[in-house]
Amino acid sequence: MPEYLLKIRRFDPKSGQAAYWDEHRVELGARNSVLDAILKVRDEVDGSVGIRCSCQQAICGSCGVRMNGKPGLACNTHLEVAAARMHGAGWNAPAPGDVVSQDAEEGDGAAGTTPAGVIEVEPMGNMPVIRDLIVDMDAVHWKKIQRVTPYLINKEPVPEREYIVPHENMVDITQTMACIQCGACVSDCLSMEIDPLFVGPAALAKAYRFVGDPRDAEHEERLKDLAEDEHGLYDCTHCFNCIDACPKEVAPMSQIMRLRRRAGSDFEINDRNNGQRHEESFVSLVGDYGLLHEAELLPRSFGGNSWFGKFHPAAGAVLLKSLGAIVPAVLRGKVKIKTALLGHKIAKPDLDAVKRVYKTVEERPQRVELNLYVSGYEDDPEPVGATAAQTASGEGPESASSESETS
Amino acid sequence: MPSHDVLIIGAGLAGQRAALAAAQTGATVAIISKVHPVRSHSVAAAGGINAALNPEDTWESHAFDTIKGSDYLGDQDAIEIMCREAPDEILWLEHAGVTFHRNERGNLGTRAFGGASAARTYYVADITGHAILHVLYEQLMKHSDTVDRYEEWFTTDLLQDDTGRCVGAICRNLRDGRLELFNAKAVILASGGAGQAYRPTTNGLIVTGDGIAQAYRIGARLMDMEMIQYHPTTLAGNGLLITEGARGEGAWLLNAKGERFMEKYAPNKMELASRDVVSRAEQTEINEGNGFPDGTVALDITKVPKRRVLEALREIVNIGRDFAGVDITSEPIHIHPGQHYIMGGVKTDVDGQTTIAGLYAAGEVACVSVHGGNRLGANSLLDTLIFGRRSGEHAAGQAMHMPMPSTPSSQVSDTDRHIQDIIDRPAGGPRVSAIKDELGDTMNQYVAVFRDADGLNKAHEIIRRLKEVAPTASIDDRGTVFNQDVIGAIELGYMLDVAEATVVGALERTESRGAQFRTDFPERNDDQWLKHIDVTVNGDDVPTISYSPVTITKWQPQERTY
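Residue numbers (this note's numbering), protein chains in the order written: chain S, 21 to 427; chain A, 12 to 573.
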């Protein structure tokens, strides 16, 4: 069996010592889990290693940790997969056995003298550490869950028997219901790192679980509440970390985007943070130019797509506030003044192709929302291919993570 | 000192349901759990929850299936209550927000399950327990002003006053190691089963028999402890659960020769016979050399349309991929019977009252007994909710008419000393994990699907020896913040108590019924053994055995075939 070097981040607040790396060599199969390795250390060597864990099958959500930088569950992360994520190789480095490029093998900060791999296990981020790998989820995660009114507000009258609701809707919200509250998405949410008050991916996914539930009476109130909160719906910057981190394929960011579509398109909520109009301006700019047009972004965000709107005073104020970011970007060559002012140009056939995409999407009678859980019935024949989607929620499972933003 | 009308220990489905029910009557309620409530092992229940809600179905049919499933050891008055109240409980859950599967008309839809004469299992994909547990927790968050939550507090002892009445508990806050005495007019145990006394088991690491042992130690009667359910489909190697929902959706069991062997054992119900029957069939195939070399048979889920698998059995697709390296939608997966559930527990009446005044129990920790010798799939979620609610209501009702008892605080210092003694044990003793592993292996070898007197006696000897050794096991963690090591040492003691009660019961019952199959007594013997075996503590000696009658209302025992 291969031998792994397991480096566990240890910390005991009562010890007076700073956090440190506790190293153990563990012999286990490559497809054993990181949790197996930690428990082996705990059982055989040092019973004081602190980690929450119970089910060992990725359903209780206890063992969220960072493994070689990536947050996830220790119990369903194979040792070989975690070890392949050496520093510099990114979160999703190819596992051994796959073809690995020389650069990724070497990395930059990995201890180089190990037989099968090095795995650094750390507590999750964005939450205070209580002890070793145990973080204070109450202080961050659960507080944010509380923030989104996390229970059904029943549509009245409550029926004598069950609510009659479409099969598709229940399948749809089952994706967010599948969240196990492990905190992996919260751990590496970049927006939350900048704005600790951000409601965050897990709580917003929870919010969709009610907004997508036909039995809930307050869809619009919920959406308005989250849209108007400056730390709410529009605070997400689409970094995809939460989608990548989630061990249950809940795709929190996709749920946030669905909340935005519900808020903006269905309820036409124009929030005071200008989030909705800002998002619309991206959409319209790409529709017009095929690419982003930076100089037009702010005016359109505030004034919509009208000529007078370009001179909206609030746009000027934000522009002034943003100079601190714009100037260094120009100085470092990340933005060219000319293209920023005049817009990017793409070839005519390409622009036509973009416009055709817009046309196809806009002509659909109903917005297509993709979902992990496939729609179907026991006696249905096997669909040919994965394109059985006619309704709001049916689509092949593989397509869920590649959901594109079309609104 | 926190004082509440009702103190609930354990926050899985039974505990949370009890808390909500008690709070609704206006009682003050606290719920304590050694883990965050959504980590409770109810979260792992996959397949669904039974109820005769469909107008064509009847509660009597559900009751009969349950009684037959129990091999006539279940108490029929309790089973009647459970099955009558099941439909309303499903509707209560639906109104609280559980995202139950719908049929094409938008009504609640069902799937087939083992041992049932109708498709009456309501479900959320294959995450039913998870979905219900999280919705109940939503309700607890909603009612945070009426239910005090103590999350990550470990209960060490139940407290009694001079009359023997249970008046609270001592608990340790895992965050800082502080002990607190919780005073209460009534205590409801809802702390789950004891699967970790076995290795392997489908149960999580937290399922260590705490409540059963705590009640047993203050003199409560345990009942049906010999009845241990081996689930027919657990993964080779790590023992993870593959839901019965797979067979409910149409998966087949095949031996290594490719034969659908259930034809021999249960020609009518085939794969959907009772769990004890299917597990015995598999074990027989394996023992007779018809299994695979890794001691397994195969579960063929490719019989279920792929689209349906991806919608309704998604979790086991992931389990197959992550924990066995098998794509269950394209090839059979190797499985064998594995410890899953204990039918026995703390003996209660239909309102959850144990034989100790003021102490209630509900869920897997309890034995009402609605499962008797063998529990039907999808009846455990129902049991937790029905008897959790009934316990909560009854305890709150009783509490209304009594003053808050006073509790001797000297007991805190006793507990404190006991914990400190564990921490201060000299290094170099045996490891807790080694003792636990030996216990688990012993139980899985001798107190499993097939048993006999020789094996059971051997198991009992080993357990007696481990009980002597356990108090010398040394631990490494001397800290106060999240000291899980010292908790592990205490849990080991709980598991040993539960294991001994199980073995003693299994030795006593010299017949084969439900999950207890004695190769030395292979027949069911209604003349002698249509009764419950009760086990009570007897100091440090071998526990005392007594009996309780089985309540029969209108279903006389018959021969049991599927």
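In case anyone wonders, no lab produced these hints; they're calculated from the structure. A few of these clues could be false.
What the hints assert, rightly or not - Here are the simulated BS3-like cross-link-like pairs (lysine-lysine), alpha carbons at most 25 Å apart as the crow flies: (1) Lys27(S) with Lys60(S); (2) Lys478(A) with Lys175(S); (3) Lys317(A) with Lys275(A); (4) Lys365(S) with Lys354(S); (5) Lys478(A) with Lys542(A); (6) Lys368(S) with Lys379(S); (7) Lys356(S) with Lys368(S); (8) Lys330(S) with Lys375(S); (9) Lys244(S) with Lys153(A); (10) Lys379(S) with Lys356(S); (11) Lys60(S) with Lys280(A); (12) Lys153(A) with Lys163(S).
Note that this is a predicted model, so its numbers are computed, not measured.
Straight-line alpha-carbon gap Lys379(S) to Lys356(S), limit 25 Å
violated (31 Å)
Under the criterion that the straight-line Cα-Cα distance not exceed 25 Å, is the pair Lys317(A), Lys275(A) satisfied?
violated (28 Å)
Do the alpha carbons of Lys27(S) and Lys60(S) lie within 25 Å of each other, as the hint requires?
holds (13 Å)
Regarding the pair Lys365(S) and Lys354(S), is the alpha-carbon distance no greater than 25 Å?
holds (17 Å)
Given hint Lys280(A) paired with Lys60(S) - CA-CA distance at most 25 Å
Given that 25 Å is the threshold and the Cα spacing comes to 42 Å, the pair is violated.
Tell me if the straight-line CA distance from Lys356(S) to Lys368(S) falls inside 25 Å.
Roughly 22 Å separates the two Cα atoms, so the pair holds.
Checking one constraint from the list: CA of Lys478(A) to CA of Lys542(A), max 25 Å. Satisfied?
The hint is violated at about 29 Å.
Next pair to validate is Lys330(S) with Lys375(S); report whether the Cα-Cα distance is within 25 Å.
holds (24 Å)
Hint consistency between Lys368(S) and Lys379(S) [alpha-carbon to alpha-carbon, up to 25 Å]
Holds, at about 16 Å.
For the pair supplied as a hint, Lys478(A) and Lys175(S), confirm whether the alpha-carbon distance does not exceed 25 Å.
Judged against 25 Å, a Cα distance of about 56 Å means the pair is violated.
Given pair status - Lys163(S), Lys153(A), alpha carbons within 25 Å
The given pair, whose Cα atoms are some 13 Å apart, holds under the 25 Å limit.
Given pair status - Lys153(A), Lys244(S), alpha carbons within 25 Å
holds (20 Å)
When the structure is compared with the earlier hints, violations turn up for hints 2, 3, 5, 10 and 11 and for no others.
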